[in-house]
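Protein chains: 2
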Amino acid sequence: MNEFELIDLMVAELDDAARGVVLGPGDDGAVTRVPESCELVSSIDTLLADVHFPAAAAAQLVGYRAIMVCVSDLAAMGAEPGFALVALNLPEANGTWARGFAKGIANAARKVAIKIVGGNVSAGPLCVTVSAHGYVPLGQALTRGNARPGDVVFVTGSLGAAAAAVADGGLIDFQSAEDLSGPARRYFMPEARVEAGMALRGIASSAIDISDGLLQDLSHICVSSGVGAQLTEADIPVAHGVDLNLALNGGDDYELCFTVPAERADQLPALGVAATRIGLVRAEPGMELDGEPVSGSGYRHFEQ
Amino acid sequence: MNEFELIDLMVAELDDAARGVVLGPGDDGAVTRVPESCELVSSIDTLLADVHFPAAAAAQLVGYRAIMVCVSDLAAMGAEPGFALVALNLPEANGTWARGFAKGIANAARKVAIKIVGGNVSAGPLCVTVSAHGYVPLGQALTRGNARPGDVVFVTGSLGAAAAAVADGGLIDFQSAEDLSGPARRYFMPEARVEAGMALRGIASSAIDISDGLLQDLSHICVSSGVGAQLTEADIPVAHGVDLNLALNGGDDYELCFTVPAERADQLPALGVAATRIGLVRAEPGMELDGEPVSGSGYRHFEQ
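Protein chains in written order, with our numbering: chain P, 84 to 387; chain E, 84 to 387.
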């Protein structure tokens with residue numbers, strides 16, 4: 084099986100997840116249209132075997148996770164998913180793996196209504212890069228840079244379950260979505276908070292998705308906005324049975340952390356997921372938890 | 084040096100090549116606007132160390148090549164370059180390498196007027212994935228699927244020099260753009276034929292960029308269009324001092340191969356590069372060179 088045969092079988096597996104655009108997979112480029120009066124939001128994310136997922140993990144779960152991780156960035160910008168391109172490096176021409184991977188891609192794409200319009204396949208160490216693109220009305224993208232002192236800090240869902248699944252090991256024991264235990268499901272099948280991001284347009288003053296850990300990701304908002312934050316430990320929505328430390332510093336949850344001006348904080352719109360107040364934005368830089376200074380110590384590539 | 088410090092130094096090196104969009108690097112996603120009455124053309128390409136470039140090649144040349152290779156796909160669609168995202172896997176946090184890489188990215192981006200709006204850095208085997216996006220007026224994208232019997236087959240520039248540079252070895256001897264010999268320059272600094280692609284809107288019936296070899300890439304046009312082609316050996320624009328075989332089957336030239344209805348073939352617009360007639364489209368599938376059947380035998384991943 085060569086590169087082109089592999090591509091054909093993956094595109095066949097994508098089925099309707101690759102259709103519905105001006106021109107989908109199969110040419111030098113895909114062609115799409117951005118809805119009128121909208122800006123385009125674009126992000127790229129790489130998932131490397133044995134860094135971002137176990138190399139022996141089920142192909143379908145790797146594909147699903149790759150799409151959700153990248154679409155989560157669109158959610159954090161308040162964007163409606165539009166289309167994605169997927170670049171896969173595969174050590175050998177394994178048609179079974181490629182088919183499972185494409186099935187996972189397609190399932191995730193259907194879940195968040197994004198179209199897979201093209202991609203690339205190379206022979207190399209197992210690695211997936213997804214470039215995802217979405218739409219926001221002009222000027223309404225949620226950024227990291229507009230949090231103001233007094234804004235309320237929120238987080239969606241609960242935190243720490245995905246990191247607990249990684250800490251527990253055993254992620255390679257699952258061969259399909261149906262097999263997944265609760266924490267492993269949070270790891271492999273995060274739910275990009277698209278509905279929440281879109282509902283927060285014009286309401287949230289800043290937003291970020293939690294990929295590297297709550298404290299580290301919130302610190303990005305603080306630095307970008309030139310502010311600080313004070314958090315209350317008892318308010319952190321720690322996932323059931325998980326250590327607080329994993330909820331604060333474990334990555335991979337893909338929940339949203341966002342800030343809302345105080346006068347709007349009591350009347351949030353429906354987000355499709357619970358949102359919990361965890362603290363307040365303050366003028367002074369840095370972050371505090373129950374009055375004690377804390378810093379983001381989540382995942383950073385190249386650090387020991 | 085950690086991931087975020089590496090990103091900061093690369094974005095600093097990009098300078099103006101990262102500015103001039105609604106929101107550039109530094110948030111969950113970049114924000115851009117598609118020009119009115121235009122469609123968006125999108126492509127993704129991966130360059131792996133020791134597959135698509137020597138691992139020891141100069142970082143600046145790797146960066147330059149990565150952008151041009153992906154923008155070449157935009158050229159083949161007739162698109163005006165808009166913006167790109169760059170995902171880099173780097174084995175170690177080598178600031179010198181990253182800075183050189185970013186410089187190469189920036190130089191290529193300025194050359195073709197594309198903006199680098201975001202990216203991703205991971206610790207892993209050296210690999211670059213570029214997602215490039217451009218604009219075409221509604222319905223004017225050049226595809227592979229509309230070549231018709233009787234159309235004239237053209238190719239831009241000359242073919243085979245990049246493949247000759249690979250065959251000769253020695254690609255790692257060059258540390259900067261200024262050092263490059265002719266063939267190595269063709270390999271590391273291909274010129275995406277953006278001007279040609281844009282000028283051919285509404286004129287060419289099909290187009291493709293030559294990444295895997297003339298015959299293989301032309302065969303993609305033939306299959307997509309349901310036609311064949313007959314070529315004349317003496318008309319192939321073989322690069323100076325290069326074997327015909329490399330011109331037919333060597334990849335990496337990133338010239339355009341395109342077809343034009345016969346009645347337009349004598350009055351091509353200015354393309355910014357020479358274009359040579361090399362044959363005709365025919366109804367019967369398959370390709371012939373001077374009457375003898377030939378098939379595309381260019382590069383295919385996973386084939387021995």
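Among the clues, some could well be false.
[Stated by the list, open to error] Derived, one-sided and incomplete: chain E residues facing chain P with beta-carbon distance under 8 Å:
(1) Val94
(2) Ala95
(3) Asp98
(4) Arg102
(5) Gly107
(6) Gly112
(7) Met160
(8) Thr226
(9) Arg268
[As the list claims (entries may be wrong)] Here are the computed distance ranges between Cβ atoms for each label pair:
(10) E:Asp349 to P:Met84: 12 to 22 Å
(11) P:Phe87 to E:Glu316: 39 to 49 Å
(12) P:Gly178 to E:Asp349: 28 to 38 Å
(13) P:Gly369 to E:Asp99: 24 to 34 Å
(14) P:Asp373 to E:Glu175: 47 to 57 Å
Treat the hints as calculated values from the structure; they're not laboratory data.
For every residue, glycine included, the Cβ atom is placed at its ideal position computed from N, Cα and C.
Hint check:
Interface hint at valine 94 of chain E: violated, since its Cβ lies 14 Å from the closest Cβ of chain P, which is beyond the 8 Å cut-off. Interface hint at alanine 95 of chain E: violated, since its Cβ lies 16 Å from the closest Cβ of chain P, which is beyond the 8 Å cut-off. Contact between aspartate 98 of chain E and chain P, as hinted, is not supported at the beta carbon level, the nearest pair being about 20 Å apart and thus beyond 8 Å. Given the 8 Å rule on beta carbons, the hint for arginine 102 of chain E is violated: about 16 Å separates it from the nearest Cβ of chain P.
Look at glycine 107 of chain E: its Cβ only gets to about 11 Å from chain P, farther than 8 Å, so that hint breaks. Interface hint at glycine 112 of chain E: satisfied, since its Cβ lies 4 Å from the closest Cβ of chain P, which is below the 8 Å cut-off. Interface hint status for methionine 160 of chain E: upheld, as the beta-carbon distance to the closest one in chain P is roughly 4 Å, under 8 Å. For threonine 226 of chain E, the shortest C-beta to C-beta distance to chain P is roughly 5 Å, which falls under 8 Å, so the interface hint holds.
Look at arginine 268 of chain E: its Cβ only gets to about 24 Å from chain P, farther than 8 Å, so that hint breaks. Our hint of 12 to 22 Å for aspartate 349 of chain E and methionine 84 of chain P is violated, since their Cβ atoms are close to 44 Å apart. The supplied range of 39 to 49 Å is broken by phenylalanine 87 of chain P and glutamate 316 of chain E, whose beta-carbon atoms lie about 26 Å from each other. Between glycine 178 of chain P and aspartate 349 of chain E, the C-beta spacing of about 47 Å breaks the proposed range 28 to 38 Å.
Range check, glycine 369 of chain P to aspartate 99 of chain E: Cβ separation about 33 Å, and the 24 to 34 Å hint holds. Distance hint check for aspartate 373 of chain P and glutamate 175 of chain E: the Cβ-Cβ separation is about 38 Å, which falls outside the suggested range of 47 to 57 Å.
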